[in-house]
Amino acid sequence: MPHGLDDARIALSLVAIEPGLKGVLIAGPSGTGKSVLARAARMLWPEGTPFVEVPLGVTMDRLVGGIDLERTLAAGRPVVAPGLLAQAHGGVLYVDEINLLQPESANVLHHTLATGQVRLEREGLSETHSAEFVLIGTFNPAEGPVSPALLDRVAFIVPAKTLKDVPSRAHIAATAHQSYTIPSDVIHMVEVGREVMQYISVPRNTLKELCAAATALKVESNRAEVFAVRCAMANTALNARVPITQGDIDLAVRLVLAPRATRHMEIAKPDATQTPTETPPSRERTEGRSSDAPKPDVGQVGNLSHNQADVKPMDEEEKHAPLGLLREPSKAEGGTAAGKRGRGLNLRRGRHIRSLPGRPGRGQLALVDTLKAAALNASSRREAGGVRVQREDLRIKQFRQRTGLLVVFAVDASGSMALNRINTAKAAAISLLQSAYVHRDKIALISFRRDRAETILSPGGGVAKARRVLESLPTGGRTPLSAALAEVYQLAGEKACHLRVAGTVLVLITDARSNQPLRSAPENADRETVAMAEVERLSKQIRPLLVGALVMDTRRSSGGNGPDLARWLGGQYVHLPKASAGQIAETVQGEMAKLR
Amino acid sequence: MREQSAASPIFPFTAIVGQEEMKRALLLNAVDPGIGGVMIMGHRGTAKSTAVRALAALLPPVRAHEAKAEVFIQGVRTGIPLFPLEESGPDLIPVPFVDLPLGATEDRVAGTLDIEAALTRGVKVFEPGLLARAHGGFLYIDEVNLLEDHLVDLLLDVAASGVNVVEREGLSVRHPARFVLVGSGNPEEGDLRPQLLDRFGLHAHIITLTDVEQRVEIVTRAEAFRANPAAFLAEREPKQIALREQIVRARGLLPNTQMSHQLLLRAAELCLKLGVDGHRGEITIARAARAHAALEGHRDVNTDDVRDVAVMSLRHRLRRDPLEEIDTGEKIEKAMEGIM
Numbered sequence: 001m002p003h004g005l006d007d008a009r010i011a012l013s014l015v016a017i018e019p020g021l022k023g024v025l026i027a028g029p030s031g032t033g034k035s036v037l038a039r040a041a042r043m044l045w046p047e048g049t050p051f052v053e054v055p056l057g058v059t060m061d062r063l064v065g066g067i068d069l070e071r072t073l074a075a076g077r078p079v080v081a082p083g084l085l086a087q088a089h090g091g092v093l094y095v096d097e098i099n100l101l102q103p104e105s106a107n108v109l110h111h112t113l114a115t116g117q118v119r120l121e122r123e124g125l126s127e128t129h130s131a132e133f134v135l136i137g138t139f140n141p142a143e144g145p146v147s148p149a150l151l152d153r154v155a156f157i158v159p160a161k162t163l164k165d166v167p168s169r170a171h172i173a174a175t176a177h178q179s180y181t182i183p184s185d186v187i188h189m190v191e192v193g194r195e196v197m198q199y200i201s202v203p204r205n206t207l208k209e210l211c212a213a214a215t216a217l218k219v220e221s222n223r224a225e226v227f228a229v230r231c232a233m234a235n236t237a238l239n240a241r242v243p244i245t246q247g248d249i250d251l252a253v254r255l256v257l258a259p260r261a262t263r264h265m266e267i268a269k270p271d272a273t274q275t276p277t278e279t280p281p282s283r284e285r286t287e288g289r290s291s292d293a294p295k296p297d298v299g300q301v302g303n304l305s306h307n308q309a310d311v312k313p314m315d316e317e318e319k320h321a322p323l324g325l326l327r328e329p330s331k332a333e334g335g336t337a338a339g340k341r342g343r344g345l346n347l348r349r350g351r352h353i354r355s356l357p358g359r360p361g362r363g364q365l366a367l368v369d370t371l372k373a374a375a376l377n378a379s380s381r382r383e384a385g386g387v388r389v390q391r392e393d394l395r396i397k398q399f400r401q402r403t404g405l406l407v408v409f410a411v412d413a414s415g416s417m418a419l420n421r422i423n424t425a426k427a428a429a430i431s432l433l434q435s436a437y438v439h440r441d442k443i444a445l446i447s448f449r450r451d452r453a454e455t456i457l458s459p460g461g462g463v464a465k466a467r468r469v470l471e472s473l474p475t476g477g478r479t480p481l482s483a484a485l486a487e488v489y490q491l492a493g494e495k496a497c498h499l500r501v502a503g504t505v506l507v508l509i510t511d512a513r514s515n516q517p518l519r520s521a522p523e524n525a526d527r528e529t530v531a532m533a534e535v536e537r538l539s540k541q542i543r544p545l546l547v548g549a550l551v552m553d554t555r556r557s558s559g560g561n562g563p564d565l566a567r568w569l570g571g572q573y574v575h576l577p578k579a580s581a582g583q584i585a586e587t588v589q590g591e592m593a594k595l596r
Numbered sequence: 001m002r003e004q005s006a007a008s009p010i011f012p013f014t015a016i017v018g019q020e021e022m023k024r025a026l027l028l029n030a031v032d033p034g035i036g037g038v039m040i041m042g043h044r045g046t047a048k049s050t051a052v053r054a055l056a057a058l059l060p061p062v063r064a065h066e067a068k069a070e071v072f073i074q075g076v077r078t079g080i081p082l083f084p085l086e087e088s089g090p091d092l093i094p095v096p097f098v099d100l101p102l103g104a105t106e107d108r109v110a111g112t113l114d115i116e117a118a119l120t121r122g123v124k125v126f127e128p129g130l131l132a133r134a135h136g137g138f139l140y141i142d143e144v145n146l147l148e149d150h151l152v153d154l155l156l157d158v159a160a161s162g163v164n165v166v167e168r169e170g171l172s173v174r175h176p177a178r179f180v181l182v183g184s185g186n187p188e189e190g191d192l193r194p195q196l197l198d199r200f201g202l203h204a205h206i207i208t209l210t211d212v213e214q215r216v217e218i219v220t221r222a223e224a225f226r227a228n229p230a231a232f233l234a235e236r237e238p239k240q241i242a243l244r245e246q247i248v249r250a251r252g253l254l255p256n257t258q259m260s261h262q263l264l265l266r267a268a269e270l271c272l273k274l275g276v277d278g279h280r281g282e283i284t285i286a287r288a289a290r291a292h293a294a295l296e297g298h299r300d301v302n303t304d305d306v307r308d309v310a311v312m313s314l315r316h317r318l319r320r321d322p323l324e325e326i327d328t329g330e331k332i333e334k335a336m337e338g339i340m
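Chains A and B are the protein sequences, given in the same order.
The first sequence runs 1 to 596 under the numbering used here.
The second sequence runs 1 to 340 under the numbering used here.
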């Protein structure tokens, strides 16, 4: 019976044989049983092998190790409690929804995979622990990508698919109540495979074939072919035979190289059960052409339009709107210091920046700093004997959370925009991207033309990628402004939450001549009128999601819909018919500065 | 804490396939640390970390007392070595190599109050941090763009001044911290502040090798090393020794190298033509070209030396034009055609 997790099962068996494959990431929508399989995979390792699960909210001290409170107080000197990474040494580290891991935690994770050691250099502690483990992770690509650095460090990124044929679905439904176990014959094959592995050698022709495939698929890493070779070897071992067969090579191409392809190419044999195009979206591959966020389908957009009643009447809100174009940003949570410098500082989460005097009720106790203060104060108090911690010695941790803004550029690439104006908009976008790093801003780029809008740069991409997508940006066709706004709605809503940014700013570069509605216009209705009505509705929906908006009108003459559009979005209108890229970038930066 | 890296075998520098620009940039810094470090930009999985670690392991050992420094407390030279000498054991130690962990906190980087001494003996003792440990060697930051800004600023300040100043927890300590700062990054991951880029002496670009023969060689060597590190190291030893001796000779030759006035003029002309702001461009070219000449075994810097270091010295100092489509490296090569 075929199963949506077939590839995942193979990959897990292979990594259980050859830990040098480093790990398996299983990508798929919820309800495909990927987490169940991942947890069951521990049966593939001998009993007693560590299997450590990392919760999403894991703190840095639990991950890399930190102070052992009880033993430190008893011993009167810092005693380290090893973290989860060190506990997984020699075994398996499992992370459910690995794409939602805090960025700092993901960084430490990929670094540990690289070095096999976890280095603890925190809060006065300095130790090194061995941490060689196999990483198993699951994620739902619809909820955001996995850090590319992490993808590069494991051999397998495999899909968990929803099956499309009725008998298989029925089989799954019928057996779903049984707790999932790995068949004993598979466990046996893996055990034998570990023994066989040492006898497998790789002929030069096989190496050549795999390396040629990596080049043909334009895989951007020389680590991938090392993984591919190990994968072919492990599959040979799994099947307890020598030498390596063409089937082993094909499997390595399909499971290791194809998901990292930056160029499509039919490499897999036709008899392979899955074609490379069905492999899960690796970030490198999808971001260029299409968004990894699900496209708003017609039903969703219909929803938007029907929710019109939820929108406050425009005029009422208008009266209270501040005169400046950008509304006040939401205050950072738990902030201790107001104003520019204090942004992102809080007592609850983020990175531990420093410790402040304070009672533990207000935040987390910073034990080491408390002890330091006690020791220093004790000598001035001239206390005899052991150190006693007084109330004034207590220190709590202050954290900083990265709080840049999400800047969404929506660039009109329709035929009514003359080519040189599009080039100006492109240049402005790139120059703003370059300055985004300073403020930890995330930039997203939407282009819209003909009948659709597309996120061509997902939030977080760099200048190199932006330039690549912008260079090949097609232009011409009608102006689907409402489709663009629907895309903005997606980014500003769901995405912005995951990105943990302070707010979203929209920069819309267009001549505002919307003439392509999202929904087909009714009989004998004017298409432009319908399109503009949509734009008005959507703008008002988006408005509460933004902390600022800027409409850059590139229309030659004055007038037109630009000023209305800016008003609906609650943003600033700038008429820049002959603006240079530098002027646009300067204007946006000026407005952003007011927000910080 | 003792470094454990000595225990695990390190992939030999001479066995790294391709990536000549990165290797040359690292070697130049090994000859003359004054060049100011190197930033390595490029795809993942291209042996960046391997190369830096391998270089430190290749270099001849340093005297322990040279790697350790003296502490100034409240501005007064105390005569206390930064690390107790008996702790360091033998007189000669491997070149320090510190791989900055991403989760490191500022107190561990700069150094802090020794809490054990404070608690048990009630005395203020400075516990040196990673900057002290890197003194005389290399400090490597993988994925600089992922590191917290305040730590990057601290590292760049110390790397430039060669002195670490700690003012915290009632301590006032300064100690020398001279090391070669090596950073790596991936341009797709997000960009680096231009001010930050400019502080690295050289800027090397690396890309995934696409030549099939080279790729096969990478896999073959990686697997051979994994299967039997000792045998692999033994096999490479003659090449390692030859390169080590070349570096030692170059270090000796470096003070005697010279760059003619005419060549200096041409380097300045090149920077002018490319619109490089400031004077770091030609200063770096001159320094790197002398190290290059020393490495090649001659005293007088020639045009080839300058040509070989110009791209990596200037790449990160050009004004960035958002509409520019050609690679900055090509642009520099082109500008050189007329001058060199």
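Just so you know, the hints here were simulated from the structure itself, not pulled from any lab data.
Among the hints, erroneous ones may be present.
[Said to hold, decoys possible] Below, computed lysine-lysine pairings styled on BS3-like, alpha-carbon distance capped at 27 Å: (1) B:K23 x A:K218; (2) A:K208 x B:K334; (3) A:K578 x A:K594; (4) B:K273 x A:K218; (5) B:K334 x B:K239; (6) B:K334 x B:K23; (7) B:K239 x B:K23; (8) A:K540 x A:K594; (9) A:K218 x A:K161.
Against the structure, the hints come out as follows:
1. B:K23 x A:K218: Distance of about 24 Å is within 27 Å: holds.
2. A:K208 x B:K334: 36 Å, violated
3. A:K578 x A:K594: The given pair, whose Cα atoms are some 25 Å apart, holds under the 27 Å limit.
4. B:K273 x A:K218: Status violated; Cα separation ~36 Å.
5. B:K334 x B:K239: 35 Å, violated
6. B:K334 x B:K23: 23 Å, holds
7. B:K239 x B:K23: Given that 27 Å is the threshold and the Cα spacing comes to 15 Å, the pair holds.
8. A:K540 x A:K594: 23 Å, holds
9. A:K218 x A:K161: 25 Å, holds
In summary, the numbered hints that this structure violates are 2, 4, 5.
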